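*Asks:* Quick mapping for you: the protein sequence lines, in order, are chains A and B. Just so we're aligned, residue 14 is where the first sequence starts under our numbering, counting upward by one. Just so we're aligned, residue -2 is where the second sequence starts under our numbering, counting upward by one.
No lab work stands behind these hints: they were computed from the structure. Nothing here was measured: the structure is a model prediction, and the numbers come from that model. Only true hints are included.
Here are the simulated DSS-like cross-link-like pairs (lysine-lysine), alpha carbons at most 25 Å apart as the crow flies:
1. B:Lys24 with A:Lys51
2. A:Lys61 with A:Lys50
3. A:Lys79 with A:Lys122
4. B:Lys24 with B:Lys7
5. B:Lys7 with A:Lys79
6. A:Lys192 with A:Lys125
7. A:Lys51 with A:Lys103
8. A:Lys125 with A:Lys79
9. A:Lys51 with B:Lys4
10. B:Lys122 with B:Lys7
11. A:Lys104 with A:Lys50
12. A:Lys139 with A:Lys125
13. B:Lys109 with B:Lys122
14. A:Lys141 with B:Lys109
15. A:Lys61 with B:Lys109
16. B:Lys7 with A:Lys50
17. A:Lys139 with B:Lys114
18. B:Lys24 with B:Lys109
19. A:Lys61 with B:Lys122
20. A:Lys139 with B:Lys109
21. A:Lys141 with B:Lys114
22. A:Lys61 with B:Lys7
23. A:Lys192 with A:Lys141
24. A:Lys79 with A:Lys141
25. A:Lys50 with B:Lys4
26. A:Lys50 with B:Lys24
27. B:Lys7 with A:Lys51
28. B:Lys24 with A:Lys61
29. B:Lys114 with B:Lys45
30. A:Lys51 with B:Lys122
31. A:Lys61 with A:Lys141
32. A:Lys50 with B:Lys122
33. B:Lys109 with A:Lys192
34. A:Lys50 with A:Lys103
35. A:Lys139 with A:Lys122
36. B:Lys114 with B:Lys24
37. B:Lys24 with B:Lys45
Distance windows between CB atoms, simulated:
38. A:Ser40 with B:Asp48: 31 to 39 Å
39. B:Asp53 with A:Ser40: 41 to 49 Å
40. B:Leu33 with A:Asn136: 26 to 34 Å
Note that CB positions come from ideal geometry on N, CA and C, so glycine has one too.
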Amino acid sequence: MATKEIKMLINDGGIIFMAHIGFMSQSLLAGMIESLKKKETLEGIPSKISHSMFIILIEMTQNIIKYSKIEPVDKNNINSNGLILVGRDKKNNYFVHSQNIVTFKDSIKITKIIDEMNTLTENQIKQKYRELRRSAINAHPRGAGIGFYEIAKRASSIEYDFIEIDSERCNFNLTANIK
Amino acid sequence: MENFTIKETKYTPEVNLDIQTGILSIKGNSYPENTLEFYDPILNVLEKFFDETTLDLIVLNIEILYFNSSSSRVFFEIFDLLEDHSERLNFAINWIYESDNEGILEIGEDFKEDFEKLNFYLAVKE
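Kindly generate the complete structure, drawing on both the sequences and the hints.
*Replies:* See below:
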């Protein structure tokens, strides 16, 4: 979602509950949850939706904290910079959107996971999530893609794209529409 | 062995293990940046406790609100540890949720299905 589209969303009758651009951290994430939880912000939203919203927000923000890379090549050079947006569109769908820079290599892995996820039914997603959770015991904490399934379980649809920056990096846009 | 306590933060839960009563409670949010770093010491203490205790019943009260996927994995690991010890020890797990929080209830239902051998109770918070 580009800045232009964000403006359009508002002009179109959508609502942005919260947006943050820049460095992400754990204390910032906790602060985002605290401010969204204030009654006036989420009043009237079913608790199941707001709970899903927070779980997805946590997953997306921690993805940015852990995997964003401004500079390519150096694996240790993680730059927790990105964009997070929580809102509702004109059709009353709640969504969480994130943007961050990933390496081209990561974009291939992510594409594979999300494309596979998007072919699955609701029950299959739930099944696969539980399989991943079971098989994760003693496995390396990174790379199983369980975080994307954590999001998918709570989403009616997931949209994503990658916009190339150079031969090694791209901008990763991810939107989860909440069920 | 001594009682084990960790204080709650905004993104990590309060953890209490009372070795006299055999009650373990985990309460709060669970989305640490490094989940394993947070839970490894807890898993180690639990393993030691399960090996040493002579109590008839061990009760787990779990009341989690917001969590990340890696915490969900760790809960799975904790229940797996319980299952490993379930021949010698009796466990009761209370998965506590607020009556209007369907999300947390569903997560509890999934765990209950995954661990049929354990006494897993879905308990509405009073």
